[in-house]
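Construct the entire structure; sequences and hints are all you get.
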Amino acid sequence: MSKFLDRFRYFKQKGETFADGHGQIHESNRDWEDGYRNRWSHDKVVRSTHGVNCTGSCSWKIFVKNGLVTWETQQTDYPRTRPDMPNHEPRGCPRGASYSWYLYSANRLKYPLMRKRLMKMWREAKVQHSDPVTAWASIIEDADKAKSFKQARGRGGFVRSSWQEVNELIAASNVYTVKTYGPDRVAGFSPIPAMSMVSYASGARYLSLIGGTCLSFYDWYCDLPPASPMTWGEQTDVPESADWYNSSYIIAWGSNVPQTRTPDAHFFTEVRYKGTKTVAVTPDYAEIAKLCDLWLAPKQGTDSAMALAMGHVMLREFHLDNPSQYFTDYVRRYTDMPMLVMLEERDGYYAAGRMLRAADLVDALGQENNPQWKTVAINDSGELIAPNGSIGFRWGEKGKWNLEQRNGTTGEDAQLNLSLLGGHDDIAEVGFPYFGGEGTEHFNKVELENILLHKLPVKRLQLADGSTALVTTVYDLTLANYGLDRGLGDANCATHYDDIKAYTPAWAEQITGVPRAHIIRTAREFADNADKTHGRSMIIVGAGLNHWYHMDMNYRGLINMLIFCGCVGQSGGGWAHYVGQEKLRPQTGWTPLAFALDWQRPPRHMNSTSYFYNHSSQWRYESLTAQELLSPLADKSRYSGNLIDFNVRAERMGWLPSAPQLGTNPLRIAADAQKAGMSAVDYTVKALKEGKIRFAAEQPENGKNHPRNLFVWRSNLLGSSGKGHEYMLKYLLGTENGIQGKDLGKQGAVKPEEVEWVDNGLDGKLDLVVTLDFRLSSTCLYSDIVLPTATWYEKDDMNTSDMHPFIHPLSAAVDPAWESKSDWEIYKGIAKKFSEVCVGHLGVETDVVTLPIQHDSAAELAQPFDVKDWKKGECDLIPGKTAPHIIPVERDYPATYERFTSIGPLMEKIGNGGKGIAWNTQSEMDLLRKLNYVKQDGPAKGQPMLNTAIDAAEMILTLAPETNGKVAVKAWAALSEFTGRDHTHLATNKEEEKIRFRDIQAQPRKIISSPTWSGLEDEHVSYNAGYTNVHELIPWRTLSGRQQLYQDHQWMRDFGESLLVYRPPIDTRSIKAVMGEKSNGNPEKALNFLTPHQKWGIHSTYSDNLLMLTLSRGGPIVWMSEADAKDLGIEDNDWIEVFNSNGALTARAVVSQRVPAGMTMMYHAQERIVNLPGSEITGQRGGIHNSVTRISPKPTHMIGGYAQLAYGFNYYGTVGSNRDEFVVVRKMKNIYWLDGEGNDQVQESVK
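Numbered according to the numbering used here, the sequence shown spans residues 2 to 1248.
One thing to keep in mind: the hints can contain errors.
Listed next, the in silico EDC-like pairs over lysine to aspartate or glutamate satisfying Cα-Cα at most 16 angstroms (straight line) [as the list claims (entries may be wrong)]:
(1) K460 / D426
(2) K1007 / D78
(3) K1007 / E992
(4) K456 / D414
(5) K275 / D294
(6) K533 / D330
(7) K743 / E1078
Here are the simulated distance ranges between beta carbons [to be verified]:
(8) G400 / E993: 57 to 63 angstroms
(9) D427 / S680: 50 to 56 angstroms
(10) N1134 / Y37: 35 to 41 angstroms
(11) R38 / G943: 52 to 58 angstroms
(12) G400 / V935: 37 to 43 angstroms
(13) E439 / S858: 52 to 58 angstroms
(14) L321 / R1114: 50 to 56 angstroms
(15) E346 / R83: 34 to 40 angstroms
(16) E271 / D427: 42 to 48 angstroms
(17) G36 / G1237: 37 to 43 angstroms
Since the hints were made in silico from the structure, they are not lab data. Note that beta-carbon positions come from the ideal geometry of N, C-alpha and C, so glycine has one too.
Following this line, the structure appears as structure tokens:
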């Protein structure tokens, strides 16, 4: 009988019985089991990963059946670790395990989309104009038409388009913008290349070929810790997570390891079985606290105060009372502590000035090359010497840029003196700035004198100009700054830990709320362990500490602790800062691909914080002044103006980049110069000095000096990272926004000096916004064109992380679904159409590029002593010295596509390199011709091809020393010429190894040691930052060549941050103007607003994933304390509103005892696309976490042209902090869903 009928007879079928009737045999149908089996059956398994900037970089098995991805699970075939180490797997998390849901969900973008209003106008214009560029001009030059589609941004109205149509419109807009305003008015934003490096390179290569602007991300995300460049001359370099297992004392400071470092958390738990002590430092009871022996909970934003107190204990007990020989030797050899600092005379006391240089002394200590950049110390014989390793030895000579303990002039062995005490000429009173008595009512203060006078041992020196100077060492300054009594009768130094003096444990207890006994115990244990193990104490730090305005004080506090204890550069020790997936391991192979350095140099780079601060007009609402940030020791008359003024000054002095760069089209400058009979450089210099050409940042509102076209890919700029979200909506997009505050003009406040003020700021600056994504994100909602990109299981790419030493692929397990394409194919298509459309408008053009003074170049030796501004007449305008470099670049616009799809000749003519060293790449180019084949005709004839993403990947792998052993040996040899020491032994055993794309598809591959990074990829030691500096005696890339604790730049001194100090959170002044102004009858309260990383998403990805929504509360939530909730009459799951002068958001309340009173947390990044009602304040849909933020840049992050304080893309520059922000919280009364479906509701008012 049929199976169908058998099912109806199921309960009537009785089989034979057995066991005395206790058992019965059934012949039932078991076809239902096929459903289970088929669910997990598959045709093939493909290796891929997730390009999501989580730092996990986990290898996954992607299961495919009938051409569809059915599920994924973790790979377990990573190369094995040493026998004494746990293996890396399992690596993965629930978020990654849910990714396949996206591929076939309703959230998936299937076709190119265009805003309906824009499409209608475009099609009408095409009927009237046969030339696409003219058609675009007819739309964008009509103010009413432009305003019409800009105002529709964020309001839906997308319709399906075609690739041909969208590519033509995009190309026409780009060509029009380049021709009319300049290529630097076309910009692109995409973050963190390491997570999918070919995809990033796709857009960056296109932009660089046409002269567009690539926007930075690491600084904008607030992942960049400025303290790292300040101290080490390195953007970020950290231990791999496996090195946690080598540590014997770990402090997890602001890092919620199990939640935000899920794939690596097993190392943290495993090392505890070895007896390693773990301490958690978090203001809230976070998950990491469960894994630790001790939980310290400082008041949020006061971490530097606790770090100072811990440093006080370490210096007292291990440097003064019972000196550790290991610590003393370490700081003498590997830090700037022995270097001499000149003192400046003040009214009755002295202040620390700049470091003494060889050029200050008679005969420059025999130094002829860069004596202004060679620091000076006293050796154990009492002689003044310029020891090896300072930055002056790096450029212009070879063989002495090393950390051998030698006299840089004679080559004799030299042991440097740390302190002048005992060999001093006098005792001087030196003033130190103190900021601990400042701040708002929301944070505790300890009021002391704002200038603390300390007594220091000094020596008196005769200078080359005949004057006399008092000097002391950085070590002596540091001990005094930490308030340590040395028997010199210093009234401001502590004699006991219970003294309420800066920066004792008792002082820190009042600021942070952490009991002094815990501070003393933790500092003592940490240092004692480091002493006994020679540096195996580690601090794992999360980005939360870096999101405060005075982020560098927080981080320098932790770094100082590690340096005092000799932990940096030692396996199992050091600074483990984990944020975004910043470790682009094959960086030097990737850079020429991404920025088209194979065809033309330099590219245009811009730091995003300054860019968005300017062009979203956040500066128009700035309430913070530079004057309130200055040291009490500074001459305030030299620092007038608003924060935007300091940014403009930094741009014109060549410290920071600018975009747009100049107030004229850079394509026209060369032609004008030719007419004037001058070179483009000389003409530009003359025009700038005469004021005929100005920097665009000086006139941001004049209609010509703002960005016009913006590409966003691999990013959710407007739904995740866009601090000052509402300002972006108004000023960049020209659509509805929720800004509640008044600008400086309406407030009657002081306006900028360097920037021309216009009463009505320019709205809707962007003419075209194009977003590439695989899902409909918030950024897509506000775009004009949305392009469907392939998911991470549908494209070929590569992925690396700082958490492990492997490189592995993203693979096309299936073809891109519907009409989606990979990023490489999308930008290739745009480049092809651009090359066609530009004919008749753009040909071979000369583009004048301004380039800021770059770190890791000889130009970083710019102004050695004082800051001089050419526009103020203090010096001449010298490109690359007192102003940016001015460089003409030839662009062949009709050949854009040919250049995009081939490797250019500059790799053979100039070669490749990174971080200040270079090498020949002829053999690698020959290999790429064999691997990728060769262009047979056209402008790129004879060059290796880049037709596919795999071709691009092979270019990276072949050119990078981390993946090509032969290149690694060449790179180490190049560095050896600088240091005078042979380093090639670090890679010779891998010289014949070449990693190919198919290799990493078979299994993750461990990379090769490279001088690009400061650790080793070795079978005997886990990767740890600074390892080669300590063990190979390679200098850090700083002024002294050592770990730089003393920042002697004039701005650093005048802003009071030459040494570590505690600076309380700033007052953003964003709540008083709105408190009670739009009351709904419920109580209101001001709370500190924090945005840590969430559990149910990676940034905004997965936050709309049904599986993650099901596991979480399914929409936006804000955490708050039970005490604050009680004051506000809020119960768990109530709808609340969070607002200030920047905007408003709505969310459900999570009331929890794990959150301390006075703060509220909205986990980053919850978008406005899921379960979000309207705001009572704005009348618009609720907003996102960044609706209540606005950035304020810090002047000290604008410094450039000064050794380690010099600009580099994502290396140094202004950083987008947001945690000093306060918001008003209240219970909502009316819940408006704005859907017209009658679902609105009223919450019971607070009684």
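Evaluated hints:
Note on K460 and D426: the hinted pairing holds, with a Cα-Cα distance of about 5 angstroms set against a maximum of 16 angstroms. Between K1007 and D78 the CA atoms are separated by roughly 12 angstroms; this keeps the pair inside 16 angstroms, and the hint holds. For the hint pairing K1007 with E992, the CA-to-CA distance comes to about 14 angstroms; that is within 16 angstroms, so the pair holds. Straight-line distance between C-alpha atoms of K456 and D414 comes to about 32 angstroms, which puts the hinted pair past the 16 angstroms bound.
Of the supplied pair hints, the one linking K275 and D294 holds, its CA atoms being roughly 14 angstroms apart against a limit of 16 angstroms. Taking the CA atoms of K533 and D330, the gap is about 14 angstroms. The hint holds against a cut of 16 angstroms. Distance check on the hinted pair: K743 and E1078 sit about 14 angstroms apart at the alpha-carbon level, within 16 angstroms; holds. Look at G400 against E993: about 29 angstroms separates their beta carbons, and that is not inside 57 to 63 angstroms.
Taken as a hint, the range 50 to 56 angstroms holds for the pair D427 and S680, whose Cβ atoms sit roughly 55 angstroms apart. Between N1134 and Y37 the Cβ separation comes to about 37 angstroms, which falls inside the hinted range of 35 to 41 angstroms. Taken as a hint, the range 52 to 58 angstroms holds for the pair R38 and G943, whose Cβ atoms sit roughly 55 angstroms apart. The hinted window of 37 to 43 angstroms between G400 and V935 holds, with their beta carbons roughly 41 angstroms apart.
A hinted range of 52 to 58 angstroms for the beta carbons of E439 and S858 is inconsistent with their spacing of about 38 angstroms. Judged by the Cβ atoms, the range 50 to 56 angstroms given for L321 and R1114 holds: they are separated by roughly 53 angstroms. The hint said 34 to 40 angstroms for the Cβ distance between E346 and R83, and at roughly 58 angstroms that hint is violated. Judged by the Cβ atoms, the range 42 to 48 angstroms given for E271 and D427 is violated: they are separated by roughly 55 angstroms.
At about 41 angstroms, the beta-carbon gap between G36 and G1237 stays in the expected band of 37 to 43 angstroms.
Checked against the numbered hints above, the structure violates hints 4, 8, 13, 15, 16; every other hint is satisfied.
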